[in-house]
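Residues per chain are reported as follows:
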Amino acid sequence: MPGPASQPKVRVVTFRVDDQDLSAREDETLIEVCREHRIPIPSLCYLEGLSVWGGCRLCMVEIVGQPRLAAACSTRVIEGMEVRTDTERLRRYRRILVELLFAERAHVCSVCVSNGHCELQTLAQRCGVDHMRMPRRPVSYPVDSSHEMFRLDHDRCILCTRCVRVCDEIEGAHTWDVMGRGSDCRVITDMAQPWAESETCTSCGKCVQVCPTGALVKQGTSVGEMVKDQHFLPILARRRQPR
Amino acid sequence: MHLDDLAEQAATIRARDAETAHEIRVCMAASCQSSGSGQVLDALRAGVEPQSSSCRVKGVGCMGLCSAGPLVAVAAPGDTLNASRLYRDVTPADAPAILDNLGKPDPIERLHCPTDQPFFTAQHRIVLEHSGQIDPDSLDDAIAVGGYSALVHALTELTPGEVIREITTSGLRGRGGGGYPTGLKWSTVAKMPGPQKYIVCNADEGDPGAFMDRAVLESDPHRVIEGMAIAAYAVGASKGYVYVRAEYPLAVERLTNAIRKAKRAGFLGSQIADTQFSFEIELRLGAGAFVCGEETALMASIQGLRGQPRPRPPYPAEAGLWGCPTLINNVETFANIAPIVREGGAWFAALGTEGSKGTKVFALAGTIVNTGLIEVPMGTRLAHIIEVIGGGIPGGGRVKAVQTGGPSGGCIPRAHLDTPVDYDSLKGLGTIMGSGGMIVMDERSSMVDVARYFMEFCMTESCGKCVPCRTGTQQMHALLERIAAAEAGRAELALLEELCEVVQATSLCGLGQTAPNPVLSTLRYFRDEYESRLVD
Chain A
1 MPGPASQPKV
11 RVVTFRVDDQ
21 DLSAREDETL
31 IEVCREHRIP
41 IPSLCYLEGL
51 SVWGGCRLCM
61 VEIVGQPRLA
71 AACSTRVIEG
81 MEVRTDTERL
91 RRYRRILVEL
101 LFAERAHVCS
111 VCVSNGHCEL
121 QTLAQRCGVD
131 HMRMPRRPVS
141 YPVDSSHEMF
151 RLDHDRCILC
161 TRCVRVCDEI
171 EGAHTWDVMG
181 RGSDCRVITD
191 MAQPWAESET
201 CTSCGKCVQV
211 CPTGALVKQG
221 TSVGEMVKDQ
231 HFLPILARRR
241 QPR
Chain B
1 MHLDDLAEQA
11 ATIRARDAET
21 AHEIRVCMAA
31 SCQSSGSGQV
41 LDALRAGVEP
51 QSSSCRVKGV
61 GCMGLCSAGP
71 LVAVAAPGDT
81 LNASRLYRDV
91 TPADAPAILD
101 NLGKPDPIER
111 LHCPTDQPFF
121 TAQHRIVLEH
131 SGQIDPDSLD
141 DAIAVGGYSA
151 LVHALTELTP
161 GEVIREITTS
171 GLRGRGGGGY
181 PTGLKWSTVA
191 KMPGPQKYIV
201 CNADEGDPGA
211 FMDRAVLESD
221 PHRVIEGMAI
231 AAYAVGASKG
241 YVYVRAEYPL
251 AVERLTNAIR
261 KAKRAGFLGS
271 QIADTQFSFE
281 IELRLGAGAF
291 VCGEETALMA
301 SIQGLRGQPR
311 PRPPYPAEAG
321 LWGCPTLINN
331 VETFANIAPI
341 VREGGAWFAA
351 LGTEGSKGTK
361 VFALAGTIVN
371 TGLIEVPMGT
381 RLAHIIEVIG
391 GGIPGGGRVK
401 AVQTGGPSGG
411 CIPRAHLDTP
421 VDYDSLKGLG
431 TIMGSGGMIV
441 MDERSSMVDV
451 ARYFMEFCMT
461 ESCGKCVPCR
471 TGTQQMHALL
481 ERIAAAEAGR
491 AELALLEELC
501 EVVQATSLCG
511 LGQTAPNPVL
521 STLRYFRDEY
531 ESRLVD
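Same order as they appear, the protein sequences are chains A and B.
Just so you know, the working numbering puts 16 at position 16 of the first sequence, and the rest follows in order with no gaps.
Just so you know, the working numbering puts 283 at position 283 of the second sequence, and the rest follows in order with no gaps.
By construction, these hints were calculated from the structure, which means they are not laboratory data.
Note that this is a predicted model, so its numbers are computed, not measured.
One or more hints might be untrue.
[Claimed, not checked] Heads up, incomplete: computed chain A residues facing chain B, CB under 10 Å, no partners named: (1) Val-10; (2) Leu-44; (3) Glu-104; (4) Ile-158; (5) Arg-181.
Virtual Cβ for every residue (Gly too), placed ideally from N, Cα, C.
All chains should be modelled from the sequences, with the hints used to inform the complete structure.
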């Protein structure tokens, strides 16, 4: 008869999120638990199945007794912690962060192939961003249409690096990376050459599917036609976990 | 090696040096070199016979008073800087006069720079104690003044726990700007399990107007190496990295040289001082990104990755270089270690204030008579530093504000110059100690321009990873441009303040979180300057 299964070393903790009592394994992050319990926490860089990036700062939450805000994607749950995800202050900060993203590049929804299926657009609507107080940064970048199946438009990129991570961590090609500094950062293929000339790209299209905006899209799509499917990612990530 | 052997070696070197009556020391740190001290050194050497028994000419490190360079000190071997006869603004043509004057009772009047003036006498030099006295390229010079004796003492007579206890007792706090207790950091890394640990020396000094770490590395590199080796012994590390910016070629050259010589003499490498302790140091050059001074970005850069910060925790003490426990301290912090081990933690703790012990090196810059490098006890009043040591504003003008902490810091107005310089007092004024840059401004300076300058710096140095820092600094800079040009109204000033709040609260790393500080602090003390430029 087999002996009892060895006890896992990870403990389960209980804590409160917005006055709701929750329990989770102590190695889980706040955003994972909140998504599991359908507590809405906005994020543009976090995606289940990819490593944590912590760049968009939209998932910031308040932890009672802690002076600084915490990013839900990179904060592990702690026994007894009390989290607030929807205070007036957080709503105001999120609104400004979304506004900042819109002002950084030329995000014009009405002519975008992702119109209606864009995570940035949806978030803006939820956060109540209905007008812009900041001037748009007067910079435009060329579109890379060299690839026979896909297209890259930097003007719609929010530098969430989902494409970089999925290509490196899931596809294993590491075709994508980031170059430059500050607002001049751009995602690049290989050594910043046209996508079609990339020697590492497998044309799998995962980057296009995980892109939250209309920055990476399929060729031949027209306004509002680009619908993305990200369901494959958590399934792939789960199947790769050691059993 | 026994401590007595090292002491004997030092005594032999000192006795050999004492056979020469005069030592002519020429400052060969970067700022004096840029005003021509290399040619002065050559001219003096040409005037002295190579094997002369009466006079020796040598290049030394920074003497502090950079605005008077090239500096040349005439001293008896072993004399400190303050005991020497100092000459300022020396040119190669002055070499014969200096050599002629050797041994004469009076100095050359037109070149003389008295060392009994407050700039020299009001300082308290621990980190810089041998700076400007020893030849940074000579291991013998370092040993003669007690170099590596603290390391050998620690290795042969103290346990790692005892070393950490001395550092904790000393009350030393991180000199890179954050002010985290050094002893606590060391004991955290020491307690972390694991066969491989790392020591990192952060020499990526990037604040505009700051050059403390450069001067230490150029003047006394062995002191930093010794501090790192003691730290490695205390926490159980066997490998160290110095992350130094490539913009400091002279510091890189001297450090490389010093590491090679220390290794050859058995102060680095395997079985140091005939103990079981082994430690190697490697240099890594930064390619010019300010953000790489942030510890997680710095580690990424050492590993060959893009220099970008990552969320903490885990802190480097837990998971640093290649996931191993890593101790990161700044150059000046490591430079304080040997004296603490030598003199004891209590000696160090007797200096300074309640919450800030020891001394601090500052780089005095801006509109001030004596620009250069100074070291004062913590708790020295700002007014004392500026008016007495710094000599005040040229032409007798009035100080308007002092900027400390670089782009993460703020401006202190004249009304608060009575404040003692320590971590907590400066924080209370809305600025930070920072790494030690101190920029003095007189009444002609516009505070909106100051804020705009630092915001431009943060904008161009933002790594681009997180949204608030990347786009927020760019929007804040645009708003400051409009305010400076008198094109903005009240709504834009309100938006600027709101952006300050959001960027401070939501940015990923310290660079973004503190980027609004120059704006917030100038708004706090000089709000009228902003409002007078508004159009409505």
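Would you check whether Ile-158(A) satisfies its interface hint, that is, whether its CB is within less than 10 Å of any CB in chain B? Ile-158(A) check passes; min Cβ-Cβ to chain B is 8 Å, inside 10 Å.
Return the status of the interface hint for Arg-181(A): holds when the least beta-carbon distance to chain B is below 10 Å, violated otherwise. Given a least distance of 6 Å, the restraint on Arg-181(A) holds.
Can we keep the Leu-44(A) interface hint, with Cβ of chain B closer than 10 Å? holds (8 Å)
For the hint on Val-10(A), just tell me whether its beta-carbon gets within less than 10 Å of chain B. violated (16 Å)
Hold the hint about Glu-104(A) up to the distance rule: shortest CB distance to chain B must be less than 10 Å. holds (5 Å)
The structure fails to meet hint 1 from the earlier list, while all remaining hints are met.
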